[in-house]
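Single-letter residue listing:
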Amino acid sequence: MSVLTKQAPGSAAALAEQSGGQRRRGNSRRTNQRSGYLFLLPWFIGMLFTIIPFFASLYLAFTDYNLFTEPNFVGLANFQVMFEDPRLLQSLKVTFIYTFVSVPISLAVALLIALVLNRGLQGLAIYRSVYYLPSLLGGSVAIVMLWRYIFGNDGIVNGFLGLFGIQGPAWVTDPEFALSTLIVLNVWTFGSPMVIFLAGLRQVPAMYYEAASIDGASRWRQFRNITLPLISPIIFFNLIMQLIGSFQTFTQGYVMSGGTGGPADSTLFYNLYLYQKGFTEFEMGYASAMAWLLLMIIAIFTAINFIASKFWVFYDN
Amino acid sequence: MALLELPTKNRQKKEAPPEDALTGTPGTRFSRHLILCLVGLVMLYPLLWLISSSFKPSNDIFRQLGLWPENWDFSNYEQGWTALNQPFHVYLINSLIVVVFSIVGNIFSCALAAYAFARMEFTGRKLFFALMLGTLMLPGHVLLVPQYIIFSQLGWLDTYLPLIVPNFMATNAFFIFLMVQFMKALPKELDDAAQIDGCGPFRTFLRVIMPLCIPAMATTAIFTFISTWNEFFGPLLYIQNQDLYTVPLALRAFMDSEGQSMWGPMFAMSVVSIAPIIGFFIAGQKYLINGIATTGLK
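As given, the protein sequences belong to chains A and B, one line each in that order.
When you line the first sequence up against my numbering, it's residues 1 to 317, in that order.
When you line the second sequence up against my numbering, it's residues 318 to 615, in that order.
Among the hints, a few may not be true.
Said to hold, decoys possible - So the derived list for chain B, only partly shown, Cβ under 10 Å to chain A, looks like this: (1) H350; (2) P363; (3) L367; (4) R380; (5) S469; (6) G472; (7) F549.
Worth flagging that the hints you see were computed from the coordinates, not collected in a lab.
Ideal Cβ placement from N, Cα and C applies to all residues, glycine included.
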């Protein structure tokens, strides 16, 4: 934080002090105060629309609100129901599997490709663009729809497997495989962490590698002892952002299953279930409680990550 | 907050080294290119297949793995265009309305807030800045139910207002953060010079700082374009009237009603829906890549 808020030397206020008299200085400072708040006015209003709903949803989480009747306070009832709600537990399972399989794979692929791309290769910009493009499209309805047909019974994936005499499963309609198609889709969008990795790799001074190779360090040793520690903050950053993002997956599950989370709830993402509860069954108290549970899950995972980062993230100061 | 310091820290270090000399033997370079090309091909194949399928008769689509259509069929586009309640350009225009207002709103409101955070002195600035960074990580669904209630009380359901108005209130902390980073890099003397020449804070902002922030604004505009164009959840929640559907909703309606038989036309409209993103991507790559390298935006 300190870096971001550090004040540049020779600020306007300081300069006004040098050039102006007592009265002018006071005026200018007051003007600056007032215009500072004026510039932030839209943001203040926006914050009201964030803070009020934030606490309102906390309150609603303890009520039975259903959009049509006044909310009644029900204590912890929503949370108790949650732990006996099989669909909720299923949606947690789906979201966890999706996150803990696809995030490590896509980060590993992103890092690997970034390493191959990083140094001394022509055409970097072209490769980078080609790999990055899918990450802009991965969340669009068109691409999730496309995925549904690519993995369809007679889609191109099974067509391709057929060339080798393999009879592929019914990916989209088989509960065992439906989620894996979405994991593939998420891995397909590894381009955005890759670009961040590339930017990080560029910051590693080349002389470290020169020194290491003079000392006879192998490529693996160089990667293990130079690259990895120096880009560990970037890995950490990517990990946090990808985790937070994938816990909140919605469109993929919705479009793949036509809004149901099927087959057999195998693509019932947490946010999809939240949507069904809140906006098709109008159990908004329950939906708010669900939102807060997810917020807590995300907060816990982020906190664990921050604590664990002390042991593996290296800040080069 | 170490997490968010990171891009700044890297930025303040020395400039990235110039393009390195080629490394490795021609042999290893060749194998690297080979791997990269293969991976690239696998990644692009679904997109190319989508485009080529949009020119194939529906019956051919799943019979041919190849990319080059044996029988060209342009009627998919004609059929797809008129398959829903409204011709497809209505949905394109609907999406465009939401996108344009969102871009304008994001640029102005976020630039105003960023200017205050980056270059002004006032009580509570640090506190507000910390609050702003906090909202960066706040998952949006926590606010969902109360915001829905507010918007429905205001009578905004089935209008674009819930999708547009929040963008005029600097609710997208990512863009504020991006612009703060950018504005901090501009020399402070600019403001002082403008002040001496008699510019008030607003004129300084409008005439001096904004023109210098065009790259950051371009990044904001492109990211807003892409995320708003793809946005599915918001419209799903707030837009029921089919005539007001944005492109993603129209596509979903297409899939629900015709998806079993009219693959060709559906793929054609899918191509139409992602074409603007690809276009913007090609035009604005530089800003996109720099943008995600500095803030980690998706």
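Here's how the hints hold up against the structure:
A distance limit of 10 Å between C-beta atoms decides the matter here; for H350(B) the minimum to chain A is near 7 Å, and the interface restraint holds. At its closest, the beta carbon of P363(B) sits 6 Å from a beta carbon of chain A; the interface hint therefore holds under the 10 Å criterion. Taking 10 Å as the C-beta cut-off, the interface hint given for L367(B) holds, the closest approach to chain A being about 5 Å. Against a cut-off of 10 Å between C-beta atoms, the interface hint on R380(B) holds, since the closest Cβ of chain A lies about 8 Å away.
Here the hint on S469(B) is kept, as its CB sits about 8 Å from the closest CB of chain A, short of 10 Å. For the restraint placing G472(B) at the interface with chain A, the shortest Cβ-Cβ distance is roughly 15 Å, beyond the 10 Å limit, so the hint is violated. Proximity of F549(B) to chain A holds as hinted, the smallest CB-CB distance being about 5 Å (cut-off 10 Å).
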